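Colleague: As a plain string of letters, each chain reads:
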Amino acid sequence: MTATVENNTPKAVETARSAGRFLFIAAVVLICAWVLVPIYLLMVNTLSSPQEVTGFPKTGIPSFDFSSIQFFISFAGVAKALWNSVLVAVLTMILSIGIGAPAGYALSRFDFPGKEAFRMLVVMTRAFPLPLLALPLAVLFIRSGLDDTAIGLAIVHTVLAIPFAVLITFSLFSGIPLELEEAAWTLGCNRWQAFQKVVLPLVLPGIAASAVFAFTISWNEVFAAAVLTIENRTLPAFLVQNLNVSPLHLKFAGGAAMVIPALIFIFAVRKYLFAMWGIANR
Amino acid sequence: MTPKALPYLLLLPATVFLLVFFVYPFIQIALLAVTGPEGFTLQHVQTMASHWKFNTALGWTILLAAVVVPIQLVMALSMASIVTRLQTGRSAILYIFSIPLGLSDLAAGIVWLAIFEQSGFLNSMLYGLGVVEQPILFLGYQNIWVIFLAVVLAEIWRATAIVMVILVSGMGLIPKEYYEAGEVFGASAWQRFIKITLPMLRPSLQSALILRTLAAFEVFAVVTALGGTTLPVLMGETFQWQFTLQDRNVASAYALVILAISIAATLFFLRVLRVPKGATL
Amino acid sequence: MAEIVIKNVAKSFGSFQALHSIDLTISDQEFMVLLGASGCGKTTLLRIVAGLETPSQGEVWIGGRRVDKLPPRERGIAMVFQNYAVFPHLTVFENIAFGLRMKKLPQQEIDRRVNRTAELMHIEQLLKRYSGQLSGGQRQRVAVARALAMEPDVILMDEPLSNLDALLRLEMRAELKGVLDESKTTTIYVTHDQVEAMSLADRISVMNGGKIVQAASPVEVYRNPAARFVGSFIGNPPMNFLPAKRASNGQWQVAGLEMPGPVAGDALEFAIRPEDLTVSPDGFAATVRVVEPLGAHTLVTAEVGGKPFRAVLDSDLPVSPGDELRLSPKPDRVRWFDPETTRAV
Chain A
10 MTATVENNTP KAVETARSAG RFLFIAAVVL ICAWVLVPIY LLMVNTLSSP
60 QEVTGFPKTG IPSFDFSSIQ FFISFAGVAK ALWNSVLVAV LTMILSIGIG
110 APAGYALSRF DFPGKEAFRM LVVMTRAFPL PLLALPLAVL FIRSGLDDTA
160 IGLAIVHTVL AIPFAVLITF SLFSGIPLEL EEAAWTLGCN RWQAFQKVVL
210 PLVLPGIAAS AVFAFTISWN EVFAAAVLTI ENRTLPAFLV QNLNVSPLHL
260 KFAGGAAMVI PALIFIFAVR KYLFAMWGIA NR
Chain B
7 MTPKALPYLL LLPATVFLLV FFVYPFIQIA LLAVTGPEGF TLQHVQTMAS
57 HWKFNTALGW TILLAAVVVP IQLVMALSMA SIVTRLQTGR SAILYIFSIP
107 LGLSDLAAGI VWLAIFEQSG FLNSMLYGLG VVEQPILFLG YQNIWVIFLA
157 VVLAEIWRAT AIVMVILVSG MGLIPKEYYE AGEVFGASAW QRFIKITLPM
207 LRPSLQSALI LRTLAAFEVF AVVTALGGTT LPVLMGETFQ WQFTLQDRNV
257 ASAYALVILA ISIAATLFFL RVLRVPKGAT L
Chain C
103 MAEIVIKNVA KSFGSFQALH SIDLTISDQE FMVLLGASGC GKTTLLRIVA
153 GLETPSQGEV WIGGRRVDKL PPRERGIAMV FQNYAVFPHL TVFENIAFGL
203 RMKKLPQQEI DRRVNRTAEL MHIEQLLKRY SGQLSGGQRQ RVAVARALAM
253 EPDVILMDEP LSNLDALLRL EMRAELKGVL DESKTTTIYV THDQVEAMSL
303 ADRISVMNGG KIVQAASPVE VYRNPAARFV GSFIGNPPMN FLPAKRASNG
353 QWQVAGLEMP GPVAGDALEF AIRPEDLTVS PDGFAATVRV VEPLGAHTLV
403 TAEVGGKPFR AVLDSDLPVS PGDELRLSPK PDRVRWFDPE TTRAV
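Protein chains in written order, with the numbering used here: chain A, 10 to 291; chain B, 7 to 287; chain C, 103 to 447.
Think of the hints as simulated: they come from the structure by calculation, not from any bench.
Note that the structure is a prediction, hence the values are computed from the model and not measured.
Don't take every hint at face value.
Within a straight-line C-alpha distance of at most 16 Å, the following computed EDC-like cross-link-like pairs (lysine to aspartate or glutamate) qualify [unchecked claim]:
1. A:Lys206 to C:Glu196
2. C:Lys432 to C:Asp378
3. C:Lys286 to C:Asp130
4. C:Lys205 to C:Glu253
5. B:Lys10 to C:Glu155
6. C:Lys206 to C:Glu196
7. B:Lys201 to B:Glu186
8. C:Lys347 to C:Asp368
9. B:Lys10 to A:Asp120
Take these sequences, add in the hints, and give me the full structure.
Modeller: Structural data, given as structure tokens:
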């Protein structure tokens, strides 16, 4: 009797465990499918001819016909919109890191009166619907000649990206022990040399990741881009303006043009995503 | 240069930038919304409030956030728990889970358009299964609830990743010893989740919920991509007044409404999920 | 030639006074250890000498030059940090060469100095490695080599051994002593480990509450503590203290015994080190509470006059808890402290 019990219990536990294991794997597969299948379907449409895109029913298998893509690329305004998107995103990247990183460094290395006030200012930006900034800035930009320019839009996107740039660089710099800098000072460096020779090489990958993050924020932003540009539309602004007049295959190719770089960006910064948010929460 | 001045010097560009391009414009918005040629006026606010689309836009926006955010929270918690328990392939699966993080709402709208449009994949599947004989026009104005559902799905699909990432980082900060202590004292996996993970995750939950709820109030391009103007939302109306109707003042009034509900939501989450002093990690 | 003179240096962080008016002279080639519990200000004092912290008041002189307004790089110092601070993005060679390159020395000289110091610290086979590939002890060696390669006037060490495990610490301690003796460089060494301090120092400055309580040779600090704190901080186990009252005959009454003592006031504190006690019939009446055999000796914690009282006894002596013992102090080892000022009398 006792022997059977002893034999049965581990078996029951094992069954329960393998059932749990199965459920766990099923959940992982299901969520992966939930994320990936819609992207796959968009790619199917992008890699099909315009006729197939409007055709019915669909097979769900791409025909690898590039005429939709060709149509998209040669469509009036698309090339320019793509170029504008890249230009604005690069400017945003430079501005937000150039302005945000020094602030992040100051927050991580110094204690000074007013530090909390600055932190509040940065945190506050996250509690405001930032794309709305485009409305009053449109007026300001017209007055200062920044309307419909890449730099004007990049400024608004920088407001969006700066809180992230500050908090991410803050956590990056906080991860470099102050002792390393102090060691460099005692070894003959002034502040700038120590930063350049010791801190910079160590944070560079992280800075690059947060720069890519800023790029992505700008690359994806729709509302402010649509409000602030007329001639020099970025890709999302261009697409959203033409949504109700453009044919389906143009939308899908445009969607793919936005998604593919994003996939690459996330891949590039994947290691840093969590480190960034871990500290940024505090 | 004295060392005392250095931190201020480093903060100067960011401070000036935020004052000029963040604080000042928001003051401008408030002014635009309540001033006319003769000074203070509530006329723009009245124009906005009396327009037939205002109440529906406000209603749909809040309903959308109320439906999307809780579902995202539950999904993100499950995903984060799964990720923290993974032993093999953790980084690959984490990458897949966080892909939507990099996608814009416009792209998400277009992705789901491929599924929901009349000749799209949902109709193709239903047709293939013999459920329907004719493709259905899901995204027409007669089917406003289907549009709403499509928007909900697209939003959940796109923006759950950011919540998950925040929660995974937050879970990473909880020392393992707490779970081991919980196990020693006989707490089951579910009890450990309820009694240890959730309370210690409060700061992360707070930032994730604030971030997501505000973003949900700003929903715009997904809705436009899937339903045009059939499903009115606040941000879409703001855009309409700014562009199609060329009335900055009413657009600013709309902006103030979004701002108001955003601040209300922020304060709500700050209060509900506050961490008592000294109870932090 | 680098004598360090610290004149009236004080430091406060906000309302917290970390250092109270410190005066200390460290002569050329001297090995000075700053010893104290954490928070006593020893590291702050070291960092002020290094230039990593600015004093709220006072002056610091190195080699006849006033340096307290100069940045660290202009003070002729080198420093070894508690966490080693070996640059992770550079090889061991480049770490040691870092300061030399900043000085713009010719490559030949850099090679010579790196190789010489690496040999000295027995890390010549590690020169191509990165810090991530080194053990804690090896990193420590790199940090010391990097400081020595600078051929500085002064070497400052901030608890350099505290992150090593016990055995390695012992080994590195002996090695450091040899290397630093050889280099004839003035050294300030911060530690909270009294054994480290004893074994390395020419002179120990015992610090407490932002003040230097005593600065003297290790034996002097141990044998003749200038204040009650020094006696209670140095020595393991520390000194025993008992209250003493002046008797009518001029003798001092301590826990039932009468003994001669200094002529000062009505009340004093009697102090004796645990190893300066012997078992003899005319000693203090002690009730044994805890017995800890340590091999060579047995540590006995007893109660004398209602106060805990420790004695280090020969391990052959049979003792067990509850026993009554008579412990008598070696007369020449008895010390007296003023209970008001806590200074030695």
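Colleague: Now, for every hint given, state plainly whether the structure supports it.
Modeller: Consistency of the hints with the structure:
| no. | hint | in the structure |
| --- | --- | --- |
| 1 | A:Lys206 to C:Glu196 | holds, 12 Å |
| 2 | C:Lys432 to C:Asp378 | holds, 6 Å |
| 3 | C:Lys286 to C:Asp130 | holds, 9 Å |
| 4 | C:Lys205 to C:Glu253 | holds, 12 Å |
| 5 | B:Lys10 to C:Glu155 | holds, 13 Å |
| 6 | C:Lys206 to C:Glu196 | holds, 14 Å |
| 7 | B:Lys201 to B:Glu186 | holds, 13 Å |
| 8 | C:Lys347 to C:Asp368 | holds, 6 Å |
| 9 | B:Lys10 to A:Asp120 | holds, 10 Å |
Violated hints for the displayed structure: none, as all numbered hints are satisfied.
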